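Enquirer: Residue numbers (the working numbering), protein chains in the order written: chain A, 1 to 324; chain B, 1 to 324; chain C, 1 to 324; chain D, 1 to 324.
One should not assume that every hint holds.
No distinction is drawn between identical chains; accordingly, a pair holds when it is met within one copy or between any pair of copies.
Each computed DMTMM-like pair below joins lysine to aspartate or glutamate, with the alpha-carbon atoms no more than 20 Å apart [what the hints assert, rightly or not]:
(1) K131 x D12
(2) K40 x E200
(3) K52 x D156
(4) K157 x E287
(5) K52 x D291
(6) K171 x D188
(7) K131 x D107
(8) K171 x D291
(9) K157 x D292
(10) K157 x E288
(11) K63 x E97
(12) K52 x E288
(13) K131 x D16
(14) K157 x D291
(15) K52 x E200
(16) K23 x E200
(17) K63 x E287
(18) K52 x D296
(19) K171 x D192
(20) K52 x D292
(21) K157 x D28
These are calculated hints, taken from the structure and not from any lab test. Predicted model, so just to flag it, every value in this text is computed and none were measured.
Number of protein chains: 4
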Amino acid sequence: MIQPQVTPQLLDEYCDRFRNWGKWGPDDEIGTLNYITPAKVIDAARLVRQGKVVSLALPFDTKGPQTGRFGRVNPIHQMVATGTDHVAGNQRVLSFETGPYGFGYADDMITMYLQTGTQWDGLSHIFRDGKMWNGQEARLVTSAGAARNGIEKMKDKVVTRGVLLDIPRLKGLDYLEVGQAIYAEDLDAAADQARVAIGEGDIVLIRTGEMGRRLRERDWGPYPAGDAPGISFTTAPWIAERRIAGIAADTWGIEVRPNELPNAFQPLHLVIVVNMGLLVGEIFYLEELADDCARDGVYEFMFVAPPLPITGAVGSPINPLAIK
Amino acid sequence: MIQPQVTPQLLDEYCDRFRNWGKWGPDDEIGTLNYITPAKVIDAARLVRQGKVVSLALPFDTKGPQTGRFGRVNPIHQMVATGTDHVAGNQRVLSFETGPYGFGYADDMITMYLQTGTQWDGLSHIFRDGKMWNGQEARLVTSAGAARNGIEKMKDKVVTRGVLLDIPRLKGLDYLEVGQAIYAEDLDAAADQARVAIGEGDIVLIRTGEMGRRLRERDWGPYPAGDAPGISFTTAPWIAERRIAGIAADTWGIEVRPNELPNAFQPLHLVIVVNMGLLVGEIFYLEELADDCARDGVYEFMFVAPPLPITGAVGSPINPLAIK
Amino acid sequence: MIQPQVTPQLLDEYCDRFRNWGKWGPDDEIGTLNYITPAKVIDAARLVRQGKVVSLALPFDTKGPQTGRFGRVNPIHQMVATGTDHVAGNQRVLSFETGPYGFGYADDMITMYLQTGTQWDGLSHIFRDGKMWNGQEARLVTSAGAARNGIEKMKDKVVTRGVLLDIPRLKGLDYLEVGQAIYAEDLDAAADQARVAIGEGDIVLIRTGEMGRRLRERDWGPYPAGDAPGISFTTAPWIAERRIAGIAADTWGIEVRPNELPNAFQPLHLVIVVNMGLLVGEIFYLEELADDCARDGVYEFMFVAPPLPITGAVGSPINPLAIK
Amino acid sequence: MIQPQVTPQLLDEYCDRFRNWGKWGPDDEIGTLNYITPAKVIDAARLVRQGKVVSLALPFDTKGPQTGRFGRVNPIHQMVATGTDHVAGNQRVLSFETGPYGFGYADDMITMYLQTGTQWDGLSHIFRDGKMWNGQEARLVTSAGAARNGIEKMKDKVVTRGVLLDIPRLKGLDYLEVGQAIYAEDLDAAADQARVAIGEGDIVLIRTGEMGRRLRERDWGPYPAGDAPGISFTTAPWIAERRIAGIAADTWGIEVRPNELPNAFQPLHLVIVVNMGLLVGEIFYLEELADDCARDGVYEFMFVAPPLPITGAVGSPINPLAIK
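Please work from the sequences and hints to get the whole structure.
Expert: Written out as structure tokens, the structure reads:
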């Protein structure tokens, strides 16, 4: 099938056509998560038939995908109390010189970019021409955090049906190549193959195989902010029409890179985050889930992935669960 | 009812009696989460009947409960890219001097104690006499993290039935007073009143009202590491017999403080974390859930609260969800 | 003596009158540090006659002055390798499972506000109406740091003559009261008493006694961002006429607080940092130096206090040395 | 000249022979800095004849030498208030919605490994067989920091005469090759060429050219913790006999690497830090100083390089100054 050419005009057209500003009122801060209704939550829970739980989070540690590109580094985990202090008999506990009755403890901190690993983009993460989701001013996102559209607004919203679209498996590949675009036809074909219909309020997980490849190769290569397989800019209508609540992928930024629009950076984000108000997830670990779905043939599940309610944050690390 | 006197002998007795080391094999690192079976997960999902989702996380921000006691401070949220940079036309994006096609973004970091807010204690968080859960050596928890019993081992384990025991509501109080102990009888009475039976694999959420009180008073007072209402040391048999998977409360440390054993610090942790291998949750925000349960009379729900899989961490911030 | 009334007009007048923009060229980024010439450095070194070195830094630790006001907290020091790990035989060193030939090490990190303790304000720290030192645009200070007037520009500039003006000792007091202003007359009297003449390129250290008081009382009280003794707004002409290179005090913000201009916040900073380009130091520990000067009667010394050259930083922690 | 073979026996011999434990009393925590007397400070100041100040610090930023090896990453500089917030009219200042009278400000934080850049090793940084400097127990260095031999003990001790030994310039090279050892003869030759005699209490700066090379090549290569030129293990007697106060180099770890003792890691540190109590500086930027010394023929100077007094730290970032 012939894809439309990705031009600046198409960017503007999509931004206009798929703009949901005001759809859920002028004060809305959760966008397409509004598609998730109580009935949807109930339906999602009914998908739990085997009692299986699969985590979709990459471990948060120094083996993570960041390399300093885009300014992000991997999480730094810092111990502030240890078992070795305890066994050395040199651990103060409040006013106790050593823990009484044999008491000892460990404690720790983390310093991390909120989007260093498996994460949600908040609706305050992306701007276009000074605006963010629902027409709010970008200037509301200061050094003090996001006064509007902060990730904390979604704290109890991300429980719904999840669907896995495993694109390389559909194509008989281990992984898609860097630069390979996924089109609406690919998404439909994967859904057909998986015998699932994408419905309103779903969160769609798209596997490219890119993360699995990099993990097996033990080298992240261009993974963070570099070239990658991913969804085409032209999937915007597909996303909009299905009224899905969110989309996530096993890549750094869900979009195919190099981006199809010349001299652009993540143009689909301008359409789907800024204008559509879509929840976008990145760096999802989908290898285990994909294997499981291939085994049991079930590509739909209850999907629970709440962000940490960090006040004013523009993203959040998450541990998304697929529950079957 | 007369409670047993809490003595050093009772501490030793409980440690011995409720020790589950080896019960799930010598390599087990998740303790009582083993009580959560696939059948339990399915049953938990069947509790979703209204499509309601309630977050049990306190916001992660500088209003949080920490005051520096026990060395912990509130989370520090740091913006590394802002909307104000974007509107000032002064935001570089990779090799672009300014974001192309109107592109702008915000990005952020966090520096936080992993147990600063709503959180799980890992099974590597507490030691006694050089040992932690399953008899592992405390010396395995170094500045490099927990080589055993790290929180990441639980990444796909915390999906089960949750039950709320609202103790002050049972007693017709807004909150329990500091120093007020909750006994096994109180737990049973609250369960009876809520018409729930505590079962194997459940996670029991105990409301003392302490957090609600401090939030209303806009002053955390002794909340972090100070005196508090909480469960009595003597509830250990109750916990063990019911074979619950976890316990959580709306206080800093679940136990009544001052602790009942003189000159001790959190002695019940020595029994339930080190020896029993119980998952313990603290600083849970239970006010909204309690109001909801009071309204609909339903005190059981699907409970999903995965930790972030931070490799080698001894605890994790969480956003626990009660799904009804 | 009668002091002029501090009005909005006086603020504007001083900003105009003492504006040094362009004085050292349009690209200057160090302001009054230009007053420090090679001859001045040589003269400063000649003041070293006893071989005494006094540190003027408050320890950087959790006992520091911050309480969360103004958003700043005390430094968080994190060990990432410890002696206890080493003695537990559980310390990996690169590819060595344990340090060879008995080798062990400790390593550490810090997370700190750059102005949490003894520090220099950079010339990019304060703005007025969108401008900073030398007329540079405030918009050049983004989340990516200060593109102009960063603290790193001063890395080899802060070696000069220092002079201590011990105001409470002059007045026979232990410390000045909160809200007590220091006027030009007080500075002159202190200099006279100390038998020092303030000269071009000097850095003037002003002791109010406030820090010593708080340390003795073991309670920082209003120290961070609250009320304090300090120099009057009306000292601006005194500072300008003497062509000093910098000024520092033992308080949080050098100015008397409540500020003399109603409904203002640190108005003198607008004059001396933004317009004059003066180096301002805060939270200096002057107790030991003051005692030493009182003992030997010598109130002038070589003063060496380089900032850490943190690229784009708007301030820096320092360990200033007075060398006699 | 024939160099002794570096064997485990030589390591033990040097550790014994050059052990200064107890030399300055059982409670000493500053080691060879005791060689710096008041007379030495006065003499050092007399070296200031031209009024030149040269900073020996590499900028602290993300271009720094760390690559994640040895677990260290480059400093992370985080803005917590910006000029762009100010110009966007969206900056709260304490209780003011926007800064009054045009007031605006920027503020920032840093998260850094204390030994990420130009730095001093504290005497609590290295252990051998459970001991550190002055025979103190390594177990005193816990997650809570160094209870003995912390870097803060040196806060007013590092003012002395500095001498630059420019080894590649002596040999007519731009830089020494990786793996090239510097012997006592090289040090003597460089001192002769520079017409300086190394004296008691001096701090000796050794240039290998390695940092300049990596900066010019814009690739740090093996710089952090990898192979490097550096001083031979066999320089220990040279160091001990001269009774110098400290030594520093423009490499990651001063010692030649691969280390001469097979299967060892930084064995000279075991001799000079643990046993001798020598101050060791690393990642010094010596290019500008070396050029200056070559120009004016003066290789001695006043050297001022106080650590930040971070309580219990085992190292400190510094901005060392050579003042001529």
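Enquirer: I'd like to know which numbered hints this structure contradicts. Please list them from smallest to largest.
Expert: Per hint list: zero violations.
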